[in-house]
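Chemist: Listed below are the residues making up each chain.
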Amino acid sequence: MSTTLPRPTKLDPLDMLDLDADFTSDERLIRDTVRDFTRRRILPNIADWFERGVFPKELALELGELGLLGMHLDGYGCAGTSGTAYGIACRELEAADSGLRSFVSVQGSLAMFPIHAYGSEEQKREWLPRMARGEAIGCFGLTEYDHGSDPSGMRTVARRDGGDYVLDGSKAWITNGGVADVAVVWARTNPDDGPKSGAVRGFVVPAGTKGFSTKNIERKISLRASVTSELLFENCRVPASAILPGVASMRGPLSCLSEARYGILWGALGAARACYEAALEYAKTRVQFDKPIASFQLTQQKLVDMMLELQKGQLLATAIGRLKDAGTIAPQHVSMGKLNNVREALAICREARTILGASGITLEYPVIRHMNNLESVLTYEGTSEVHTLILGQALTGIGAFS
Amino acid sequence: MKILVTVKLVPDTTAEKRIDPSTKRLVRTGVETVLNPFDEYAIEAALQLKEKAGGDTTVTIVTLAPESGKEIVRKALAMGADDALMISDPAAEGSDVWGTAYALAQAIKKNGFDLVIAGTQSTDSTTGELPGALAEYLGVPGVTYVRKLDLDGTALKAERETDTGYAKVSTDLPALVSVTKSINEPRYPSLKGIMGAKKKTIAVQTLADAGVDKPIGSDAARTEVTNLETPPARGKGQIFEAADAVAGATKIVEFLRERKLV
Ligand SMILES: Cc1cc2nc3c(=O)[nH]c(=O)nc-3n(C[C@H](O)[C@H](O)[C@H](O)COP(=O)(O)OP(=O)(O)OC[C@H]3O[C@@H](n4cnc5c(N)ncnc54)[C@H](O)[C@@H]3O)c2cc1C
Ligand SMILES: Cc1cc2nc3c(=O)[nH]c(=O)nc-3n(C[C@H](O)[C@H](O)[C@H](O)COP(=O)(O)OP(=O)(O)OC[C@H]3O[C@@H](n4cnc5c(N)ncnc54)[C@H](O)[C@@H]3O)c2cc1C
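Just so you know, the protein sequences line up as chains A and B, in that order.
So the first sequence is residues 20 to 421, counted in my numbering.
So the second sequence is residues 124 to 385, counted in my numbering.
Read the hints as simulated data drawn from the structure, not as lab findings.
Fair warning: there could be bad hints in the mix.
Distance ranges between label pairs, derived from CB positions [as the list claims (entries may be wrong)]:
no., chain 1, residue 1, chain 2, residue 2, range
1, B, 365, A, 314, 21 to 29 Å
2, B, 137, A, 373, 26 to 34 Å
3, B, 363, A, 314, 24 to 32 Å
With a straight-line cut-off of 16 Å between C-alpha atoms, the simulated EDC-like cross-links for lysine to aspartate or glutamate are [stated by the list, open to error]:
no., chain 1, residue 1, chain 2, residue 2
4, B, 315, A, 93
5, B, 315, A, 51
6, B, 125, B, 237
Calculated from the model, a selection of chain A residues having no Cβ within reach of chain B, i.e. all distances over 12 Å [said to hold, decoys possible]:
no., residue
7, 36
8, 48
9, 299
10, 359
11, 369
Being a predicted model, the structure only gives us computed values, none of them experimental.
We treat Cβ as the ideally placed atom computed from N, Cα and C, and that holds for glycine.
With the rest of the complex left out, here is chain A:
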C-alpha cells in the first residue's frame, strides 16, 4: 500500500478554492452536461444570434430533451433536481449567454412554477409535460409600462362575466412574450366581483386566445438573443378554469420571482466567469511594451480582484442554495444573492472589458455581450435598488419603499 501525504489542492484560476467540490456528484454531472451542451450548441452561434437579435426557438426542444426546463420541479415530466443543481445549470447557461438563461428561467421558474404551485390538476396535466419537453413555451406577465418596481399598482383587470373572465390591459417587457404558446398573466380582479375580488390573480392564457396579442420590443442593446414583448389584452375572454386556483394575492407572482431570482444569483456568476476567463487568457497573450500585459501590476490587480469577487459570489450562491434545499430560505436571502452577485458580475465584466482594450468592444470576445446583457439582469427581477430596500427593511425594520 502506498501512502501519500495530503498536498495542497491544485490551484485552478477559475476556482481557486475548489468550491465546486462542495457539489454532490449528481450536481457535478449536471454541471458537466450543461457546460458541454453550451459548448456544442450555444457558444459556436451566440455571437451571431446576438448580433442578428434572434432567439433560436429550436433550442427549446433541445433544452427540454436535456431536462433543463422546470428541472427543479417534481413530477409532470420534470427532472426533480435539487435547487443547487438548478442554480448550477443557470450558472453554466449564463456563462454562455444571459438571454438563453433568461429563457430557461422564465420557462421553469416564472411560467411552469406557478402552474405547478398554484394550478389545478387539469392545468398541470395540460401544460407542464409539454413545457418540460420544450414543445410549449411559456411567459410571465406581471410588469406594465407604468408599474415596474411597483407591480401591485397594476392596471390590467379581469372582470367576471357569467362563467368567464374578461381581461383588459397590457403588460410590458415580457420575456418570451412573442414566442410563447401560453402566458401566465397577473391581473387585478374587479372589486365588485364577489369573494376574493379585488385580489391579484393569475390566469393561464394560451396564445391565439381572441383578444390577446403580442408585440415585440425592438432595438434592444441587451439580451438580444432573447425575445422581449408587450402583451395586449383587449376584451380577452377566458373561462373560469383559466384562473390559477391556488393563490389570490401578490404572494403568487412574488413567489415566482423569488424562484427566478434564485437562479439569477447563480447565473450572474457564469457571465462573470466567462468574462474573467477571457480577460485572463487575453492578458497572458497580449503583448505591449514587449511583455504580456499580464505582467503589469495593474493588470494583475484587476485579475485578482475579479477572482476574489467571483469566489465570494460562489460562496454566497452555494450557501443560499443549501438554504433552499433545506427549505429554510427566506426571500431576503435571495435578495442578498441577487444584489451582490449581479452587481459584482457587472463590475467584473466591465473590468474585463478594459483588459481586452479595443478587442473588448467586439463580438469576437464574449465580454461586451455579457456586459450589455447584465444591464438587463441588474434591472429585471427586482432592481438592485429594490433589493437594497428589501434588505434595508430586514435590517432596520423600517420600509423605505414609499
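Given the structure of chain A, go ahead and fit chain B with the ligands onto it with the hints provided.
Modeler: Coordinates of chain B with the ligands only, in the frame set by chain A:
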C-alpha cells in the same frame, strides 16, 4: 438479451499523472476519478443496440474497481444503462492484465451474458490488451477495434479497423467486441437520467462473491513493472514568420517536403 459493458475508472485525463516510485504505480489519491473516456463509446454502443432491439434487452455495467468509485459508475447509469456490477476487493489491488481479465471473466460468466462490449483501451495504463484476454477467458469470439456494429438476432456484423482500412467480420453471439472512438458520439446524460440513476442498483461484490477462485492482485501478478521513465520533454517548436497565410503555408510545406513528410 444481456449486454454487459466493461468500464474502467481512471484518474481525470486532464490531471497531471504521478507515479509512486516505491510501488511503481499510478497515484490515484488526490486526483478526480472519471469513467475511462473510451468506455463511454462502449456504453453508447450498448444503449443504441438496446434501443434498436427493444424488448427485454438490458445493459449492465461491469467494473473491477474500489467501492469509492460508485458515484462515478452512476454516470454510466445516468447515460441509460440499467444496472451495474462492481467487483470491489482490496485483494484485487495491483492486479495486472491477466488478473483483471480473469476476474472480470469469472464475474461475467457468473452473471450471464450474450454480448460484452469493452472500450479499446484505458487512458491510464493504455495496454489495450484487456478485451482480447477477456474474450479468451470467456471462451467467446473477440472482435476488437470495432467501428461499426450491427446485431440481427444473434448474428453480429462488425467493421474492424485495421492499419490499412477495415475488415468486415461476422460472428454469432455470445461474443465480445471492443469499440473505437469512431463508432459513435456518446450521449450526455440528461437531467432525468441523472436523477433516475439514483434509483438504479449498483451491486458490489467481493472477488469470492464474483466467483473468482484464484488469487489475483499484486502478489499474483504475472507481470512486473521493472522500470518507469518519463519520455524526454519535447523540444521547442519552430515558428515560421510570414507576411500572410499563403506565404506561411508555403514555408511550412517546404519544411515538410525537405523532410520528405509530404
Ligand atoms: C430584458 C427584460 C426582460 C424582462 N422580462 C420580464 C418578464 O418576463 N416579466 C415581467 O413581468 N417583467 C419583465 N421585465 C420587467 C422588469 O421586471 C422591470 O423592468 C423591473 O421590475 C423594473 O421596472 P421598470 O423598468 O418599470 O423600472 P422603474 O420601476 O420605473 O424603476 C426605475 C428606477 O427607479 C428605481 N426605483 C423605483 N422605485 C424605487 C424606490 N422605491 N426607491 C428607490 N429607487 C426606486 C429603480 O430601482 C430604477 O433604478 C423585464 C425587463 C427587461 C429589461
Ligand atoms: C505501470 C503500471 C502501474 C499500474 N498500477 C495500477 C494500480 O496501482 N492500480 C490499478 O488498479 N491498476 C494499476 N495498473 C493497471 C492494471 O494493470 C491495468 O489497468 C488493468 O489490468 C487493465 O489494463 P488496461 O488499463 O491497460 O486496460 P486496456 O486493455 O487498455 O482497456 C481496454 C478496456 O478494457 C476494459 N477494462 C480495463 N480495465 C478494466 C477494469 N478494471 N474493470 C472493467 N473493465 C476494464 C475497459 O472496457 C477498457 O476500455 C497499472 C498498470 C501499469 C502499466
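Chemist: Confirm or reject each hint.
Modeler: Verification of the hints:
Between residue 365/B and residue 314/A the beta carbon distance is about 27 Å. The supplied range of 21 to 29 Å therefore holds. For the pair residue 137/B and residue 373/A, the beta carbons lie near 31 Å from each other, so the given range of 26 to 34 Å is met. The given range of 24 to 32 Å is respected by residue 363/B and residue 314/A, whose C-beta atoms sit roughly 26 Å from each other. Between the alpha carbons of residue 315/B and residue 93/A the distance comes to roughly 11 Å, so the proposed pair stays at or under 16 Å and holds.
Taken as a hint, the residue 315/B and residue 51/A pair is honoured in the structure, with Cα atoms around 14 Å apart against an allowance of 16 Å. Distance restraint check for residue 125/B and residue 237/B: the Cα-Cα separation of roughly 5 Å lies within the 16 Å cut-off, and the hinted pair is therefore satisfied. In this structure residue 36/A is separated from chain B by more than 12 Å, as the shortest Cβ-Cβ distance comes to about 16 Å. A beta-carbon of chain B comes within 12 Å of the beta-carbon of residue 48/A; the shortest separation is about 5 Å.
Distance check on residue 299/A: its Cβ is at least 18 Å (rounded) from any Cβ of chain B, clearing the 12 Å threshold; non-interface status holds. Against chain B, the non-interface label of residue 359/A holds: every CB pair exceeds 12 Å, the least being about 28 Å. The claim that residue 369/A lies off the interface holds: its Cβ sits roughly 31 Å from the closest Cβ of chain B, which is beyond the 12 Å cut-off.
The structure fails hint 8 only (numbered hints given earlier).
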